[in-house]
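Enquirer: Sequence:
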Amino acid sequence: MLKIYNTLARDKQDFKPIVANTVNMYVCGMTVYDYCHLGHARVMVVFDMVYRWLKASGYDVTYVRNITDIDDKIIKRAAENKESIHTLTQRFIDAMHEDADALGVQRPDHEPRATQYVPQMLEMIAKLESNGLAYQAADGDVNYAVRKFDGYGKLSGKSLEDLRAGERVEVASDKHDPLDFVLWKHAKPDEATEVQWGSKWGKGRPGWHIECSAMGTHLLGQHFDIHGGGADLQFPHHENEIAQSEGAHQCQYVNYWMHNGFVNVDKEKMSKSLGNFFTIREVLKKYDAEVVRFFILRAHYRSPLNYSDTHLDDAKSALTRLYTALKGAGNVDLPVQDGVDWNEPHAQRFKAAMDDDFNTPEAVAVLFDLANEVNRSQSAEAALQLKALAGVLGLLQRDAQEFLQGDAGENGLDDAAINAQIEARLAAKLGKNYSEADRIRKELLAAGIVLEDTPQGTNWRRA
RNA sequence: GGUGCGAUAGCAAAGCGGUUAUGCCCCGGAUUGCAAAUCCGGUUAGCCCAGUUCGACUCUGGGUCGCACCUCCA
Numbered sequence: 050m051l052k053i054y055n056t057l058a059r060d061k062q063d064f065k066p067i068v069a070n071t072v073n074m075y076v077c078g079m080t081v082y083d084y085c086h087l088g089h090a091r092v093m094v095v096f097d098m099v100y101r102w103l104k105a106s107g108y109d110v111t112y113v114r115n116i117t118d119i120d121d122k123i124i125k126r127a128a129e130n131k132e133s134i135h136t137l138t139q140r141f142i143d144a145m146h147e148d149a150d151a152l153g154v155q156r157p158d159h160e161p162r163a164t165q166y167v168p169q170m171l172e173m174i175a176k177l178e179s180n181g182l183a184y185q186a187a188d189g190d191v192n193y194a195v196r197k198f199d200g201y202g203k204l205s206g207k208s209l210e211d212l213r214a215g216e217r218v219e220v221a222s223d224k225h226d227p228l229d230f231v232l233w234k235h236a237k238p239d240e241a242t243e244v245q246w247g248s249k250w251g252k253g254r255p256g257w258h259i260e261c262s263a264m265g266t267h268l269l270g271q272h273f274d275i276h277g278g279g280a281d282l283q284f285p286h287h288e289n290e291i292a293q294s295e296g297a298h299q300c301q302y303v304n305y306w307m308h309n310g311f312v313n314v315d316k317e318k319m320s321k322s323l324g325n326f327f328t329i330r331e332v333l334k335k336y337d338a339e340v341v342r343f344f345i346l347r348a349h350y351r352s353p354l355n356y357s358d359t360h361l362d363d364a365k366s367a368l369t370r371l372y373t374a375l376k377g378a379g380n381v382d383l384p385v386q387d388g389v390d391w392n393e394p395h396a397q398r399f400k401a402a403m404d405d406d407f408n409t410p411e412a413v414a415v416l417f418d419l420a421n422e423v424n425r426s427q428s429a430e431a432a433l434q435l436k437a438l439a440g441v442l443g444l445l446q447r448d449a450q451e452f453l454q455g456d457a458g459e460n461g462l463d464d465a466a467i468n469a470q471i472e473a474r475l476a477a478k479l480g481k482n483y484s485e486a487d488r489i490r491k492e493l494l495a496a497g498i499v500l501e502d503t504p505q506g507t508n509w510r511r512a
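Start counting the first sequence at 50; every next residue gets the next number (our numbering).
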């Protein structure tokens with residue numbers, strides 16, 4: 050039985066889908082005005098892992114991850130770049146897909162863009178207004194009247210009084226209450242027509258929170274199983290989503306709320322505002338994408354994850370061990386489908402770990418135990434099982450040789466040059482000229498090439 | 001100030017009231033011409049103070065420290 054830590058309950062709970070064998074899942078995606086950083090990589094990889102595990106568990110999953118393609122920052126950036134909103138967002142959506150693909154993240158079943166769901170948002174705002182939860186302020190904005198919604202604060206555990214106490218300096222606005230949030234922003238005179246939609250409240254554009262409520266509802270229904278996102282979205286974003294959706298539909302919105310931890314740098318949250326972020330593509334210049342994926346999955350999704358080159362190096366060494374085991378066992382190459390023998394002890398431990406709130410560190414530990422067995426027994430079956438289990442996490446699916454030898458890179462030696470050196474070394478070895486053989490090996494090592502002599506000949510890999 | 005989360009060996013990171021986590025690093029042995037890889041073995045833990053218990057890293061209480069949210073943020 051799968052257990053999921055539900056932020057709503059602040060506890061692990063048995064997972065019971067609304068409709069048997071079916072899971073509807075929504076995850077808050079990116080606001081596309083810049084390249085994704087490692088924090089974004091974590092959300093994508095973590096929920097990709099969840100998606101894969103649910104499917105591996107036999108559920109028919111519909112996974113939605115939205116794209117926010119209309120927002121203040123996007124408008125600002127487009128203006129700075131002197132380009133249209135559409136050009137800007139499309140460029141970064143393409144970049145996001147490139148990054149996600151590299152990390153082995155499967156495409157969600159739906160990737161709705163906010164700009165394509167404005168009618169649904171307006172419809173929802175109208176419902177809120179007729180339910181007495183929304184009002185148009187003097188400045189033209191339509192706001193949500195937070196105090197009219199009873200359950201406000203149930204997700205984040207905040208009371209309205211607490212929020213008041215911590216209230217920061219506010220920009221002057223016509224909100225009835227400082228805690229009210231915007232559903233519909235009235236158009237400003239200097240804004241491009243591209244960011245204006247007509248509505249019964251006048252021209253304008255949607256607020257951030259209503260986007261997710263409308264898209265989630267439209268694609269998954271008024272009540273669905275899982276909603277995920279970064280821990281920083283818990284408040285106010287997800288709290289507001291609940292207020293909107295439950296306020297409009299008068300029924301429970303989501304059963305299980307999942308939040309992943311941050312990627313930290315020097316123990317501090319990686320973020321745009323702190324400027325301490327590394328973009329995915331930046332990191333991928335230095336590290337193999339699978340190493341990055343492994344780095345993310347070997348930590349529990351709710352724990353903080355500290356980023357540093359040292360940690361990536363460590364992850365690389367560890368992943369190398371797994372691939373080495375596969376290579377040693379003849380690099381078994383069979384389809385992943387139906388590959389896992391779930392009755393086998395390692396698979397059972399793996400499943401138990403994954404069913405325990407997606408405990409990937411434990412599941413990865415099982416992979417290492419299996420690798421040890423593969424190395425000891427040289428059993429093709431064990432190797433197959435290792436590859437199949439790792440495949441459930443989206444790992445170890447490449448040709449082992451290819452992973453271990455990697456790319457030559459900018460100034461690296463190419464395969465031909467390496468093989469020529471290996472030949473030369475072999476000749477020296479046959480002539481018992483070990484000092485020459487060792488010199489060649491040392492030279493290659495300095496170039497980042499590690500040699501391994503085996504009874505079948507000399508193998509090489511990139512360090 | 002309010003709320004929440006965390007503190008495990010050199011580093012990273014899990015489970016568990018009593019029995020080896022796991023990976024990287026380090027040490028010894030096997031193997032190797034020597035290495036590398038691999039195997040076998042080993043060293044290094046549980047922030048502090050109380051309490052519960054036959055027994056606590058694991059439960060309870062207090063403290064200390066760190067982080068996050070309370071504002072856009074994955």
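Please note that the accuracy of each hint is not assured.
[Stated by the list, open to error] As a list, the in silico DSBU-like pairs of lysine-lysine whose alpha-carbon atoms are at most 30 Å apart:
1. 234 - 197
2. 224 - 176
3. 52 - 234
4. 376 - 400
5. 176 - 122
6. 122 - 104
Simulated from the structure, these hints should not be mistaken for laboratory data.
Enquirer: All hints are to be evaluated individually against the structure, with a verdict given for each.
Expert: The hints, checked one at a time:
no. : hint      : in the structure
1   : 234 - 197 : 20 Å, holds
2   : 224 - 176 : 19 Å, holds
3   : 52 - 234  : 40 Å, violated
4   : 376 - 400 : 25 Å, holds
5   : 176 - 122 : 28 Å, holds
6   : 122 - 104 : 36 Å, violated
In this structure, the earlier hints numbered 3, 6 are contradicted, and the remaining ones agree with it.
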